[in-house]
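Q: Single-letter residue listing:
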Amino acid sequence: MQYPDDSENLDQWFPRDASAYMQAVLPIPRLGVVVGGSLSKGLVVKLDRGQSVEDLAVGRYVVVHGTNKRFFCMINDISLNNTNPAIQSDPPDISDPFLSAVYTGTAAYGTIHVAPMLSIGDDDKPKPVKTIPSHFMEVMNANVEDVNDVFGHEDESHFNVGTPLELDETQINIDLKRLVERSVGVFGKSGTGKSFLTRVLLAGVIAKNQGVNLIFDMHNDYGWEITSENGSSVKGLKQLFSSKVTILTLDVESSRRRNAKFDSEVKIGLDEIEPEDIAQLRVTMSLSDAMIDAAHTLHKRWGDSWIRRLLKGNVDDIEEVAENTPIMSGTLLALQRRLERFERWDFLVAETPEDSVERIVNLLVEQQQSVVLEFGRYGNSLEAYILVANYLTRRIHERYIDKVERALGDKAMEPPQLLITIEEAHKFLDPQIARATIFGIIAREMRKYNVTLLIVDQRPSGIDEEVMSQIGTRVTALLDNERDINAVLNGISGAAGLREVLSRLDTKQQAIIMGHAVPMPVVVKTRAYDEQFYASLINANGTGINIDKARKTLGSGGGERRIR
Amino acid sequence: MVSTQQEIVGRILRASTKGFTCGTSSRQVDTRHDFGAFVKVPIANDGDCCVIGLIYAVEIKDDQLVNELVMADSVNPNVLLDQRENRMVPVEIDVLNVGYGYRDANGAVINGFHSLPPRPPMSLTDVELCSIYEVFTFTQRYDFFRTVINASDVPSDDLLAAALRYASQAYPENQRYEFMVHCGQHLARMLANDLKRLSHVLALIRPA
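Protein sequences appear in the order of chains U and R. Per the numbering used here, the first sequence starts with residue 491, numbered consecutively. Per the numbering used here, the second sequence starts with residue 12, numbered consecutively.
If you're looking for bench data, these hints aren't it; they were derived computationally from the structure. Don't take every hint at face value.
Some, not all, of what chain U presents toward chain R, calculated at C-beta under 10 Å [stated by the list, open to error]:
hint, residue
1, Arg539
2, Ala547
3, Ser569
4, Asn572
5, Ile577
6, Ile584
7, Asp586
8, Thr594
9, Ala598
10, Gly642
11, Trp835
Cβ atoms here follow ideal geometry from the backbone N, Cα and C, with glycine treated the same way.
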């Protein structure tokens, strides 16, 4: 141990940052040595005698110090071994402390299985692992420096989402730029904190100006204040970023009842709904192919008012269609009965004074605001949620394609990266309909038109396999259904090891992040969504100047053209 | 009893590189000749290099007169005492070689090798008890365990246990338990394939 040389300098003897000092002076305890394994199956590490198996946990990081490289690894299994199987039939009397001390770690010992994820060479840059350390290399717990070498520091595009397991002194910073450029999935069984996790990610994207969000807020979780499971109130995104978030609502009454502020109401005209929008409800409203065909026919014959005329149920109209088209009157009546549900949804009106789609696109593109669309009581109606989400997304996507194509060659004219958040995603991305829905199209086309998805779901196995394969970053809380676990891990290298980790996450505040936004799969204890988090966002948000916005404002019409 | 000064155990009667037998007068026999004691003796033609061994047998041989006296009805106590102390048959002390080392400037045998010596000691060379320091330094490593465990015609388990109990006396009192635990752990690795034997040896060395 090195002692300070200046006896007058108290800061040297008693540093202000005591934890950093302790980190520097205390040796990192060795866990054990590599005794076997392979690149594909992971390494086997025999634990040292003094190392308690109970102090280790799957998902924790360890570093193997090879001859020329450090190998950053994740523990994915822990096992008990012995040098002689006979000890199992005649175990020693461990109540005797002497025998306990002798046998533990010698005749009976622990091993851990670790998956090498990255290697760090002399240049301190993490690289994909393509080899393994040799026999008997030392294995240590990862320290702050190791984690920082891999996950970098928080900066303009990196956002702190939590801490690695058992290493609270450091933080995991995900690359938000990479997060938003491909679709993101947030998975986890019910009650594991998906909404909180999503809120943290969305807050990061907004705070770091990495894109705008369109959130189809099924349960009114994201816009304004909500009450958490432990009874405390937590802030919504609008309260954290008042100038960057707009809340729209489909249900004014619900917003008032909840005392939740909103910026304006959204109404959708029945005349604006097209047969393609109805087709997305095929599964949830049990619409047959004949009914979908009937909808197209009616639209062709009656024009934009086809839904209104069908709902009026004029007998002459129905008979006229049945006589002059191949559609059976029974089919028309069945379609009519199903669409009668629309009459119970107050946000659907005959005509609307303004185009909701245009307003949202204006908010997203021109004002660079994130939009939270609250469903109020309609969130309980899956049909309403799917109809509105599809209706708006289809049209916004079309506008985005148009804007991106117009902006070809001029990056400054491109619309901002848009992240569309949908819940109960398996209802939109069911294998039967995923190819036809706008969400399936967006998921597949990736970053081509600056629109990506953030899908929140508790049944990832219900999502189309092709769509799942296109999800860039997967943030997964606890899952215990085998099919769901398989779906999430499909296509991830080293999935066998991660399976154990995934099924043993805590039920709250723990998630595994893997994919495009992180250099390697990482188990995080997610940040608490509390006052400290709000304060950190203000710091991240307070002083930054949005260069893109400034450039666009200068280049477009409007009152802010002049430099003041 | 670990020696704090040079003490003669006996003189060499017979020797090989595997071990040796030394003899001494019966009236000299005391704690220096304990079973499991560490002893040293210079090897042939090299005063600096000493064999280190463990006493594994102390044998008091009979002779014709002793046989007769055993069967006599009554014997004068002075005759018995005379026969015990002044008989012409030496007490034989058998030693198993477990290592060798070289004397330092103070005459202490250090830098020990836990293997058999290059040459045996010569006849009639004095065999000395190892000092505390020599026992302490020699038992910093455990490689000599295997020599003891594998020795034939030697009560190896009991010898090793006795040697370790003997050696533990060379350690400060607060380090003795730790020393025995380390020895036990080393034995646990060596005897992993023979758990019954391991269990027996551990029972023998287990601190009270």
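Q: If a hint holds in the structure, say so; if it doesn't, say that too.
A: Hints, one by one, checked against the model:
no. : hint   : verdict
1   : Arg539 : 7 Å, holds
2   : Ala547 : 26 Å, violated
3   : Ser569 : 18 Å, violated
4   : Asn572 : 8 Å, holds
5   : Ile577 : 6 Å, holds
6   : Ile584 : 12 Å, violated
7   : Asp586 : 7 Å, holds
8   : Thr594 : 9 Å, holds
9   : Ala598 : 9 Å, holds
10  : Gly642 : 43 Å, violated
11  : Trp835 : 74 Å, violated
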